[in-house]
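*Asks:* Residues per chain are reported as follows:
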Amino acid sequence: MNAIKQLFGGNTRQFGMIFALLALVVFFQVKTDGLILTPDNMINLVNGYSYILILAIGMVLVIIAGHIDLSVGSVAAFVGIVVALTMRDWGLPWYMGILVGLILGALIGAWQGFFVAYVGIPAFIVTLAGMLLFRGANQLFGKSLTIPVPTDFQFIGAGYLPEIGPDTGYNNLTLLIGFVGVAALIWGEVRGRRKAQALGSDVKPMWVSVVKLVVLCAVILYVTYLFATGRPGTSFPVPGIILGVLVLVYGFISSRTTIGRHVYAVGGNRHAAALSGVKSKRTDFLVIMNMAILAGLAGMIFVARSNASGPSDGVGWELDAIAAVFIGGAAVTGGVGTVMGSMIGGLVMAVLNNGLQLLGVGSDWTQIIKGLVLLAAVVFDVYNKNQGKPSFIGFMTKKLGGKDNTGLEVAMPLKDTVKADS
Amino acid sequence: MVSANPVILEMRSITKEFPGVKALSEVSITVRASEIHSICGENGAGKSTLMKVLSGVYPFGSYEGDIVFQNEVCQFKDIRASENAGIVIIHQELALIPELSITENIFLGNEPTKFGIINWTEARMRTLELMARVGLSEDPDTPVKEIGVGKQQLVEIAKALNKSVKLLILDEPTAALNESDSQHLLDLIRGLKSKGISCIMISHKLNEIEQVSDSITIIRDGKSIETLDVKADGVDEDRIIKGMVGRTLESRFPDHTPTIGEVFFEVNDWTVAHPQIADRLVCKNSSFNVRRGEIVGFAGLMGAGRTELARSLFGRSYGNFVSGQIIKDGKEITLRNVPQAIKHGLGYVTEDRKTLGLNLLDDIKTTTVSANLAAISKHTVVDLDKEYSVAENYRKQLRTKTPSVDEGVSKLSGGNQQKVVLAKWMFTDPDLLILDEPTRGIDVGAKYEIYGIIQELANQGKGVIVISSELPELLGISDRIYTIFEGAITGVLNKNEASQEALMKRMTAAKTSA
Numbered sequence: 031m032n033a034i035k036q037l038f039g040g041n042t043r044q045f046g047m048i049f050a051l052l053a054l055v056v057f058f059q060v061k062t063d064g065l066i067l068t069p070d071n072m073i074n075l076v077n078g079y080s081y082i083l084i085l086a087i088g089m090v091l092v093i094i095a096g097h098i099d100l101s102v103g104s105v106a107a108f109v110g111i112v113v114a115l116t117m118r119d120w121g122l123p124w125y126m127g128i129l130v131g132l133i134l135g136a137l138i139g140a141w142q143g144f145f146v147a148y149v150g151i152p153a154f155i156v157t158l159a160g161m162l163l164f165r166g167a168n169q170l171f172g173k174s175l176t177i178p179v180p181t182d183f184q185f186i187g188a189g190y191l192p193e194i195g196p197d198t199g200y201n202n203l204t205l206l207i208g209f210v211g212v213a214a215l216i217w218g219e220v221r222g223r224r225k226a227q228a229l230g231s232d233v234k235p236m237w238v239s240v241v242k243l244v245v246l247c248a249v250i251l252y253v254t255y256l257f258a259t260g261r262p263g264t265s266f267p268v269p270g271i272i273l274g275v276l277v278l279v280y281g282f283i284s285s286r287t288t289i290g291r292h293v294y295a296v297g298g299n300r301h302a303a304a305l306s307g308v309k310s311k312r313t314d315f316l317v318i319m320n321m322a323i324l325a326g327l328a329g330m331i332f333v334a335r336s337n338a339s340g341p342s343d344g345v346g347w348e349l350d351a352i353a354a355v356f357i358g359g360a361a362v363t364g365g366v367g368t369v370m371g372s373m374i375g376g377l378v379m380a381v382l383n384n385g386l387q388l389l390g391v392g393s394d395w396t397q398i399i400k401g402l403v404l405l406a407a408v409v410f411d412v413y414n415k416n417q418g419k420p421s422f423i424g425f426m427t428k429k430l431g432g433k434d435n436t437g438l439e440v441a442m443p444l445k446d447t448v449k450a451d452s
Numbered sequence: 167m168v169s170a171n172p173v174i175l176e177m178r179s180i181t182k183e184f185p186g187v188k189a190l191s192e193v194s195i196t197v198r199a200s201e202i203h204s205i206c207g208e209n210g211a212g213k214s215t216l217m218k219v220l221s222g223v224y225p226f227g228s229y230e231g232d233i234v235f236q237n238e239v240c241q242f243k244d245i246r247a248s249e250n251a252g253i254v255i256i257h258q259e260l261a262l263i264p265e266l267s268i269t270e271n272i273f274l275g276n277e278p279t280k281f282g283i284i285n286w287t288e289a290r291m292r293t294l295e296l297m298a299r300v301g302l303s304e305d306p307d308t309p310v311k312e313i314g315v316g317k318q319q320l321v322e323i324a325k326a327l328n329k330s331v332k333l334l335i336l337d338e339p340t341a342a343l344n345e346s347d348s349q350h351l352l353d354l355i356r357g358l359k360s361k362g363i364s365c366i367m368i369s370h371k372l373n374e375i376e377q378v379s380d381s382i383t384i385i386r387d388g389k390s391i392e393t394l395d396v397k398a399d400g401v402d403e404d405r406i407i408k409g410m411v412g413r414t415l416e417s418r419f420p421d422h423t424p425t426i427g428e429v430f431f432e433v434n435d436w437t438v439a440h441p442q443i444a445d446r447l448v449c450k451n452s453s454f455n456v457r458r459g460e461i462v463g464f465a466g467l468m469g470a471g472r473t474e475l476a477r478s479l480f481g482r483s484y485g486n487f488v489s490g491q492i493i494k495d496g497k498e499i500t501l502r503n504v505p506q507a508i509k510h511g512l513g514y515v516t517e518d519r520k521t522l523g524l525n526l527l528d529d530i531k532t533t534t535v536s537a538n539l540a541a542i543s544k545h546t547v548v549d550l551d552k553e554y555s556v557a558e559n560y561r562k563q564l565r566t567k568t569p570s571v572d573e574g575v576s577k578l579s580g581g582n583q584q585k586v587v588l589a590k591w592m593f594t595d596p597d598l599l600i601l602d603e604p605t606r607g608i609d610v611g612a613k614y615e616i617y618g619i620i621q622e623l624a625n626q627g628k629g630v631i632v633i634s635s636e637l638p639e640l641l642g643i644s645d646r647i648y649t650i651f652e653g654a655i656t657g658v659l660n661k662n663e664a665s666q667e668a669l670m671k672r673m674t675a676a677k678t679s680a
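Chains as they are written, first to last, in the numbering used here: chain A, 31 to 452; chain B, 167 to 680.
Everything labelled a hint here was simulated from the structure, so no lab data went into it. Beta carbons are placed, not taken as given, at the ideal position from N, Cα and C, and that holds for glycine. Among the hints, erroneous ones may be present.
Reference excerpt, derived from the structure (chain B facing chain A, CB under 10 Å, subset only) [unchecked claim]:
1) 486
2) 497
3) 500
4) 504
5) 506
6) 508
7) 509
8) 518
9) 525
10) 526
11) 537
12) 538
13) 540
14) 545
15) 548
16) 550
Construct all of the structure, not just a fragment, from the sequences and the given hints.
*Replies:* Right, dumping it as structure tokens:
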């Protein structure tokens, strides 16, 4: 167990989720006789879930800051229809359409952020109102009709990388992305070890780094191989590339920049953050605004993929995004969560959906299973934190009643033990 | 001469372990009928754990040893079971529901019912009776949020009496009370004693313990060290401290020779209104100054407006600013918000470490740099190497006890948490550091270290303001002490002319002093 912990940086929750994800993939691969790990299905998976994962990036920041956003599905639909209309009626080119969409998202976000941050209305209420408001606005502007979008716009939702360079039998750009990813991974690990040594902090044993790199590189190369060997003309899909870039950018922002630190600080303890000079209202505003921009982007990608914007686009997306974030290890009380974790959480849901579909399971059972998975993930988390270390017996004998949410915050029974060794 | 009353409670060789830590090891205490028995020990000695074992919070089976109450071995499986036996615990954080009335709170979970319907007439009549017993005169329909903390404490006791309590456990009952409310509470406990109700009291206020206790059990490092009979053994505070720390403290304060420079920070006619109630002033025309290298104490009773003054100065983070002037280094400055205050070289360490001072989810290094992120970041990107080395420096300098700076702050003891908070503010390199109750909830040994840090800061030419409820602490470390009463500064005493009596006079009787 210790070795596994070291391998995944001591984050049992994320390790648990990665493990669950791999187990799911293997399970469905066996059950469906290899239908899940095919180029076509992988492309479907990426195209079909990238917009939910983009929402989850914004949502995890909102949830870390201690808020929630229920309006993302409606905002996505509203932005989608406005972009479709401006391109059809005003003849805007596709790139102007995207710009309009992003600006509209920012405006909507500023509207909601204003009420949350500066008027002090709980985000649950503001975004519940937004959910109704922007759904209605979508149907009002679109007259409840479906508005088609031009072919060149569809590139962001259903496009592929071009074939360039020598004919290798693979999609060359996909290969390039895979190789760059592997190189970056190795470089990052080497650099991390060097730095740790230079600073004199604990350096992980060599074998940990090696095992980690071998496993991760193998996964990346295999996925690269799958995407590069699809039908001629296909590659790693464009929405997946957009998602990947966003994950890198937001992962960096959340963990390495001052604004990212402020988001965690505000969510962890609003008062303490304010007394340390963090402008907590501005942080709230930015987080909510950012969510709406990403919702707009997700809406446009979805519209591009389905060739048209419709009145019931984005229904229920908020719940998928929120589920991804919580499966990915965020806490309801705020202050906890990572972009990477949410991506893994989202992928667990996506693979589950996709696999069950391939097995021909109906939407009734799919929903039941997804609900149970969400619950199980959070229960696992709570008991893990309550017990200090996982133990099934401890889990069974521990009285779970009484202290409701506190387990998510600080391990309560540990408080006394900690004091004792002062 | 141990009193001849029969033994009501005996806890024999109680051992309680948490994963990795033995919180209690073979602790035994004996409480007699009609006795006030105090339990003393440093933070983390195991007092609260012991009380949780007794009251069933940690159920039978999760500890070793026996609890014998009224000659019966008890196996409490939860709080309700211990309450049924007549043991009631009143926690430091009161378990009252603010929105409910006094009557509703007293009968919460214990409502007089007939066929499941609450008989409010009976409840109200019994409430009036109980209120008379504890000396509380309020309308029983008043929501408890509208009465003061002192009275809320009385409601808790009334609630306990309603459960026909035989042994009352009070965890830091006077921590949040002012002098007169405390006195009333202690008198009440004495009154209950004469009616045959025993009481176990946990308190850090040694003078109160000395005043009301019949016997004292001292716990240190999870072991019961000794039981003192207050009258027979002639126990005083020094005797208790000796037992708690295991040695006689030569001096509670490090030696310090101040080098005091010129006045660099002045506040004139500072007036601030309550955040919700505009015509209630929490600071009234307060004027004071701080010199370089000086440690300035602020003495006042709970609620006198000390914290309000400090926080309103610190970027108006409390209340509504009415008027006043801050002059620093000869120039008037305006601090509209916390970032501005930090920029002008102010730092404020809050009295409430857990709810206002720390993000308990954070680790040590993130906390250390959190008030001055700009110093270790370039184009808003945080330099993690610098973060680590800054945190590591302060860890060494302040001797914070932790395996590494990657450790979560929630895992540290109070004293070490306070060191991290101090490090956070030291990293902003303030000219004036305001410390609000800097040693609250910190044990005696760590206090000494914190005093040393405060003096070191003063030696570097910084001004330090220390706000404290503990007068001996203020007298021990301050070079000058201001007194506050009801929002106004009522006097200032130099170290050599200050005494507890002189301070107390100015802290309570504004008009006759200064």
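*Asks:* All the hints need checking, so say for each whether the structure fits it.
*Replies:* Hints, verified against the model:
no.: 1; hint: 486; verdict: 16 Å, violated
no.: 2; hint: 497; verdict: 21 Å, violated
no.: 3; hint: 500; verdict: 16 Å, violated
no.: 4; hint: 504; verdict: 5 Å, holds
no.: 5; hint: 506; verdict: 9 Å, holds
no.: 6; hint: 508; verdict: 5 Å, holds
no.: 7; hint: 509; verdict: 8 Å, holds
no.: 8; hint: 518; verdict: 9 Å, holds
no.: 9; hint: 525; verdict: 4 Å, holds
no.: 10; hint: 526; verdict: 6 Å, holds
no.: 11; hint: 537; verdict: 4 Å, holds
no.: 12; hint: 538; verdict: 8 Å, holds
no.: 13; hint: 540; verdict: 7 Å, holds
no.: 14; hint: 545; verdict: 9 Å, holds
no.: 15; hint: 548; verdict: 5 Å, holds
no.: 16; hint: 550; verdict: 7 Å, holds
When the structure is compared with the earlier hints, violations turn up for hints 1, 2 and 3 and for no others.
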